[in-house]
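K.L.:
Residue numbering for the sequence shown follows our numbering, starting at 467 and increasing by one per position.
Note that these hints are calculated values from the structure, not bench results.
Source: prediction; values computed, not measured.
Ideal placement from N, C-alpha and C gives every residue a C-beta, glycine not left out.
There may be inaccurate statements among the hints.
[Unchecked claim] The calculated label-pair distances, taken between Cβ atoms and stated as ranges, are:
| id | residue 1 | residue 2 | range |
| --- | --- | --- | --- |
| 1 | ASP586 | LYS474 | 39 to 49 angstroms |
| 2 | LEU503 | SER595 | 37 to 47 angstroms |
| 3 | THR593 | SER618 | 32 to 42 angstroms |
| 4 | VAL501 | ASN709 | 47 to 57 angstroms |
| 5 | GLY669 | ASP586 | 15 to 25 angstroms |
| 6 | GLN638 | PHE489 | 22 to 32 angstroms |
| 7 | PRO585 | LEU500 | 22 to 32 angstroms |
| 8 | TYR676 | PHE480 | 23 to 33 angstroms |
| 9 | ALA554 | VAL501 | 39 to 49 angstroms |
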Amino acid sequence: LEAPMLPKGVDLYFQAEAGEVRFSRLEMKEFKGLVTLKDQVLRIVACRFGAAGGTFVANAAYDTRKPERPHTTLAGKVAQLDIAQAVAAMPLIEQLAPVARYTQGLRNTDLNLSTDLRPDLMPDLGTLSMSGAFEALQAAVRGFPVTQALASTGKLSFLDNLAIERAAFSAQIRDGRVQVQPFSVPIQAGSERSTVTVSGSSGLDQSRDYRVGVAVPPALGGAAVQGLLSQVTGSAPGEVTLNFGGGGTA
């Protein structure tokens with residue numbers, strides 16, 4: 467792919483419908499939307515299509531008034547997106563959120579994005595800005611190195627495989643980092659429930675800096691954790707919160 471330059475002096479306005487549209491790995495089905503072209507800016511208004519198991523409704527623009535730096539914007543909502551299918555179709559998702567590669571489930575998203583484009587039409591990450599609200603539903607996280615490290619460090623085996631009924635959070639990209647606002651996730655572990663709180667950021671260079679708190683009921687703490695807490699407190703502990711922090715590369 468090469469970024470196409472839009473012509474000057476052309477003014478178009480039409481309703482578009484297509485059974486299938488393919489962009490790189492992404493297959494968009496039942497595409498409908500209003501398309502306009504004016505002053506070298508292509509706009510797609512109130513477009514709707516299905517992809518990666520979900521439904522997209524969005525407004526988008528592609529601007530070539532600066533030929534050396536084509537620019538695109540996107541504002542829209544996504545409902546019931548299959549996370550695994552989305553990662554396979556849109557590799558940028560994993561680059562922005564490495565945990566997505568290890569997650570099965572559905573996601574709803576409300577997103578605003580702006581970026582310059584490289585000649586191959588992929589985002590220039592140095593110019594990318596984004597803000598959005600995200601919701602994961604009936605999700606499972608398995609094999610994620612970060613949660614595996616927490617499980618090993620804290621002797622918390624239930625973190626190896628996380629079952630998440632619902633998690634909602636907001637994030638934005640600023641100064642080359644995905645900044646995640648603090649949020650809490652209820653975790654089901656057999657008959658017990660825990661809560662994990664998360665805040666921090668990950669870099670577009672795949673670096674990360676997060677703070678994680680884990681509420682540990684007595685039944686989930688394991689003998690090693692309960693024994694250590696008994697030594698510290700002098701009595702059998704109830705629910706405790708263990709806090710972890712650190713950085714590294716995903």
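K.L.:
Would you mind marking each hint as holding or not holding in the structure?
P.N.:
Structure-based check of all given hints:
| no. | hint | result |
| --- | --- | --- |
| 1 | ASP586 <-> LYS474: 39 to 49 angstroms | violated (24 angstroms) |
| 2 | LEU503 <-> SER595: 37 to 47 angstroms | violated (25 angstroms) |
| 3 | THR593 <-> SER618: 32 to 42 angstroms | holds (38 angstroms) |
| 4 | VAL501 <-> ASN709: 47 to 57 angstroms | holds (51 angstroms) |
| 5 | GLY669 <-> ASP586: 15 to 25 angstroms | holds (22 angstroms) |
| 6 | GLN638 <-> PHE489: 22 to 32 angstroms | holds (25 angstroms) |
| 7 | PRO585 <-> LEU500: 22 to 32 angstroms | holds (28 angstroms) |
| 8 | TYR676 <-> PHE480: 23 to 33 angstroms | violated (47 angstroms) |
| 9 | ALA554 <-> VAL501: 39 to 49 angstroms | violated (28 angstroms) |
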